[in-house]
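Heads up: the protein sequence lines correspond to chains A and B, in order.
Whatever position you read off the first sequence (first residue = 1), add 142 for this note's numbering.
Whatever position you read off the second sequence (first residue = 1), add 129 for this note's numbering.
These aren't lab readings, by the way, just hints derived from the structure by calculation.
Since we're looking at a predicted model, the values are computed, not measured.
Idealized CB from N, CA, C, for every residue including glycine.
Among the hints, erroneous ones may be present.
Selected chain B positions facing chain A (Cβ under 8 Å, derived; list incomplete) [claimed, not checked]: (1) P207; (2) F214; (3) P216; (4) F222; (5) A233.
Simulated coverage check for chain B against chain A, where a stretch passes if three residues somewhere in it have a Cβ under 8 Å from a Cβ of chain A [to be verified]: (6) 176 to 185; (7) 271 to 284.
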Amino acid sequence: MNSSGLDFTALRLSLELAGVTVLLLLPLALMTARFLAWRRFPGKSLLEAALAVPLVLPPTVVGYYLLVGMGSGSWLGGWVERITGQSLVFSFSGLVVASVIVNIPFAVQPMQRALEAIPGEVRDAAACCGMGFWRTLLTVELPLAWPGVVTAFVLTFAHTLGEFGVVLMVGGSIPGETQTIAIAIYDRVQAFDYTAAGQMSLLLLVFSLLVLALAGGWGRRIGRRDALPRI
Amino acid sequence: MPCPGSDFRLSVTLGQPVPISAELACGGGELLALVGPSGSGKSTLLRLVAGLVRPVQGRIECGSACWFDSARGLHLSPQQRRVGFVPQHYGLFPHMTALGNVMAGLHALPARERAARARQWLARVHLAGLEQRRPAELSGGEQQRVALARALVGEPSILLLDEPFSAVDQVTRQTLHLELAELKQELGIPVILVTHDLDEALLLADHMTLLARGHTLQSGRPQAVMAAPVNAEAARLLGMRNLLPGTLLRHDKTAATSWIRAGSVELAAALAPDLDPGTSVVWMVPPGAMRLTAGAAASPADSLRVCIHSLLPLGDSVRVSASIPGLGAPLYLQIQPAEVAALNLQAGSEARVEFSRAKIRLLRA
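This is chain A alone, in the form it adopts within the complex (with noise of 0.2 Å):
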């Protein structure tokens, strides 16, 4: 840890976590988001409402749940650590589990609504023009929810790297290991550190503020330009 100033170990941390978590949930959520926006099936609502669950819980509570549920005692846990020898908790694979999990509906919903927003003529034009799966998914479907899979992006990686309640929760305060920069920013308050968190959350403030107008701009540029055609 860096007692005078940006804990880069932790920035680093951080980031790493941000990146793998965005990597392994956009695929899915997309996949997730595509069933949700065209699919009609008894119970839909009811998946809808436990996706977004993460969004209203507090952060402990979520936390305290996947603790438990990935915990030695558990059957995830239990199948992780006979499998890798290592616990899932306090682990920065613990961390990505529970990052990908409470990440679920800032994920889902921006790329739901936007694939919801592709008229169902476009998709039927898409597969009377002989495209299968991947070529609609990728030459259609994609770049018409691009705006969408851009804010799903930016806030899950902003997500990720301001997460503090649950990352404490589940990772603890592991310096390299689980010590992320929020939790970094806490440990150096509590130290009386003001500077370095001073530093560190000016940091994450202006990161934060960069990514989302330059994906805001970035949006609104493909939506004009991809405007549906006035009939």
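We have chain A already, so just place chain B on it with the hints.
Chain B only, in chain A's frame:
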């Protein structure tokens, strides 16, 4: 494989989202118009043909290929059927140029060849020079042409058009009608056109199928269907105005006449031997089957006294609404202003309507 010159046959039932029970047939190089009111299942039927909706039961064939057969559990996807589909609002890919949209209809060819063929089709639909425009930068008629080029560039087995002319202005529509008539002959594939415009069906179609509540009401050549609707519902859908209630009294086969009671009088109509005496019928008076007179009736069985209800000038003619004593439904006639003056017609006055017996058709109510 495309099946130019071959026939298309469909016989299906569907429960959801619209209950459908329909039979269609269309020859290669022919245009079949699906006509019916909103919600009659026209568009759903087209989606069934395309493979976008799976029927519950039945069989769909195009040429020698079977696309759907519930008995064998066979259901080919839209990708396997190779259909050319122009949705109602064209379904263009908004992020692609006109050229990109048409190229999207081609597969398994090098990009250069796909681009060359797409350019040829864009030129064929009179859009040369607009290849790099996106759909939002094209007019409604131009978008329709891009959608048509995209549907045809892959040499489909069948062309499906879902009310393609509903969103363009009158002048563009007339031009597009002519172009479609030419294309139909050149392509040699079955063309199915969904429309609610009877004039469009009469102009373009070789065959017409009338749909109501998902059921096939009547099929045939458009002029034949218009001239002889099978029942009162079909007549209403075909825009017939004078459909009046009555009771069939008897048939007189030697005089080729069926007698009905309409209100308080007996009237003669064209012989309808399929209908049983005593049943409720609808008697249909086509335009040109009646005229207003002021004099005495030459044949009482072929005329009625009516009370003029209203006179409405419409263009260079006058629409007369008249009520028949003892009959709830009004009778409408289209006459020239000179006749109004000659007969001294005004609201509230009485007149006599003479019918041409052979043209009065009796329909099942």
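Query raised in the report: Is the hint on F214 of chain B kept, meaning its closest Cβ partner in chain A is under 8 Å away?
Result: holds, 4 Å
**Report entry** A233 of chain B as an interface hint toward chain A, with CB separation required under 8 Å
**Finding:** Holds. Min distance 5 Å.
Query raised in the report: For the hint on P207 of chain B, does the least C-beta distance to chain A fall short of 8 Å?
Result: holds, 4 Å
**Report entry** Residues of the region 271 to 284 of chain B with Cβ under 8 Å from chain A, three needed, outcome
**Finding:** holds (count 5)
Requested in this report: Classify the hint on P216 of chain B as holds or violated, based on whether any CB of chain A lies nearer than 8 Å to its CB.
Outcome: holds, 4 Å
Query raised in the report: Given as covered by chain A, does the region 176 to 185 of chain B meet the bar of three residues or more with CB within less than 8 Å?
Result: n = 4 at 8 Å, threshold three: holds.
**Report entry** Proposed interface contact between F222 of chain B and chain A, which counts if any beta carbon pair is under 8 Å
**Finding:** At about 6 Å, which falls below the 8 Å cut-off, the nearest Cβ of chain A leaves the hint on F222 of chain B intact, so it holds.
In the structure shown, no violation is registered for any of the earlier numbered hints.
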